[in-house]
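Use these hints to put chain B onto chain A, whose structure you have.
2 protein chains.
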Amino acid sequence: MKDFVIIGHKAVTAPFSLNDLPGAAGRMDILCRCVNAALFLSHDLRRDVRVYLVLKGEPVPPKLIRFDGAEVRYLSPDERSAASLIKKALEKNVQEFWTESTPGVYIRKGTFSDLLVELGKKIIYLREDGENVRRMTFDEPLFVLGDHLGLTDDEEKTIETNEHEILSVGPLSLHADHCIVLLHNEMDRVEKHI
Amino acid sequence: MKDFVIIGHKAVTAPFSLNDLPGAAGRMDILCRCVNAALFLSHDLRRDVRVYLVLKGEPVPPKLIRFDGAEVRYLSPDERSAASLIKKALEKNVQEFWTESTPGVYIRKGTFSDLLVELGKKIIYLREDGENVRRMTFDEPLFVLGDHLGLTDDEEKTIETNEHEILSVGPLSLHADHCIVLLHNEMDRVEKHI
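First to last, the protein sequences are chains A and B.
If you count the first sequence from 1, you need to add 2 to reach the working numbering.
If you count the second sequence from 1, you need to add 2 to reach the working numbering.
Hints were generated in silico from the structure; no laboratory data involved.
One should not assume that every hint holds.
[As the list claims (entries may be wrong)] Under the rule of at most 30 Å between Cα atoms (straight-line distance), these lysine-lysine pairs were calculated in the DSS-like manner: (1) Lys194/B - Lys89/A; (2) Lys89/A - Lys12/B; (3) Lys111/A - Lys123/A; (4) Lys12/A - Lys124/A; (5) Lys194/B - Lys194/A; (6) Lys159/A - Lys123/A; (7) Lys194/A - Lys123/A; (8) Lys90/A - Lys89/B; (9) Lys89/B - Lys4/B; (10) Lys123/A - Lys89/A; (11) Lys89/B - Lys12/A; (12) Lys89/A - Lys124/B.
Just chain A, with the same shape it has in the complex (with noise of 0.2 Å):
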């Protein structure tokens, strides 16, 4: 299973309106684009991928919600489609566990390091100044990545704690949902021995 967290630090954690993603839903744009480049083949879906989002803004932060590859439906490319599913999802009565919203959507109460204990997996953090990501291997990877606002110093401290490593996808800062692409190309290459 290949896991992608994306931390959204404005990305509101109640129902939003799906005509302003960016500015009302806090950023949620950024979100949507990630879950759509974690999962999507050209005309199929990548069942062997988990994204998890880390929605930290008002008005009662923070919720955790997952999209599963293997399972997900009603899934389309477009922000839209994958805002309305976790708009959905917010509409939940969130509980300490996972709930599932529609198929393979998923939302808990939870804190970016709750989420980390979950998992209990080796961290790869993209930063322009990681290591290059090119020829790499990754047995069962967990990435994570931030929003426009990046990691905030309290979680690398997080990442931190656990067994790490810091990766870049290459020599210029990109938005979040291009390094996804960029990730899962490595790893197409290495598994198609390309």
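The following block gives chain B in isolation, referenced to the frame of chain A:
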């Protein structure tokens, strides 16, 4: 200059609702994501890139739209933002020559073939069975990508009457915007010797 041409076979050629890009606007969401992938860095734009959209949908096809990375304004990374600029361009009284609709966004009547003649460059066409893109170098490249329908036989023939090369970005079939991310990464790495 790096040029990207994306063909939208169903993309509408009249103003459309921003609330249904995949449906009523004819998979306009795909073209919007391609604009994002081609132009955006984290907190910056790629100023050496031009994106050309070929709109072949109803009611008055074909139309060509150009986003110029060096000049474009009012563009955010979300799909709706690119869609809003495309919509504004489609509100213009369109001619056989380029007209600017908003800063850095231009529109004209014209076919895919007209555009290739205007650009007058060797065409790099992406297909799963193409040659591996890694470590290639590109001088003023022109990349052509299809939407969810790929390219038609006629479009392939148009390409084949020009100087062209068929390349592949990886072992799996990917969305056009994901291919653009991979092409940029390849060029970034070659330019920065990484």
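Quick rundown of the hints versus the structure:
Between Lys194/B and Lys89/A the alpha-carbon distance is near 41 Å, which puts this suggested pair outside the 30 Å criterion. Between the alpha carbons of Lys89/A and Lys12/B the distance comes to roughly 29 Å, so the proposed pair stays at or under 30 Å and holds. Note on Lys111/A and Lys123/A: the hinted pairing holds, with a Cα-Cα distance of about 20 Å set against a maximum of 30 Å. Restraint check: the Cα-Cα separation between Lys12/A and Lys124/A comes to about 26 Å, which is no more than 30 Å; the hinted pair holds.
About 27 Å separates the Cα atoms of Lys194/B and Lys194/A, which keeps this hinted pair within 30 Å; it holds. For the proposed pair Lys159/A and Lys123/A, the alpha carbon gap of about 16 Å is at most 30 Å, so the pair holds. Distance check on the hinted pair: Lys194/A and Lys123/A sit about 24 Å apart at the alpha-carbon level, within 30 Å; holds. Taking the CA atoms of Lys90/A and Lys89/B, the gap is near 29 Å; set against the 30 Å cutoff, the hint holds.
At roughly 24 Å between alpha-carbon atoms, Lys89/B and Lys4/B fall within 30 Å of each other, so this suggested pair holds. Of the supplied pair hints, the one linking Lys123/A and Lys89/A holds, its CA atoms being roughly 28 Å apart against a limit of 30 Å. Taking the CA atoms of Lys89/B and Lys12/A, the gap is about 29 Å. The hint holds against a cut of 30 Å. A distance of roughly 45 Å separates the Cα atoms of Lys89/A and Lys124/B; the hinted pair therefore is violated under the 30 Å criterion.
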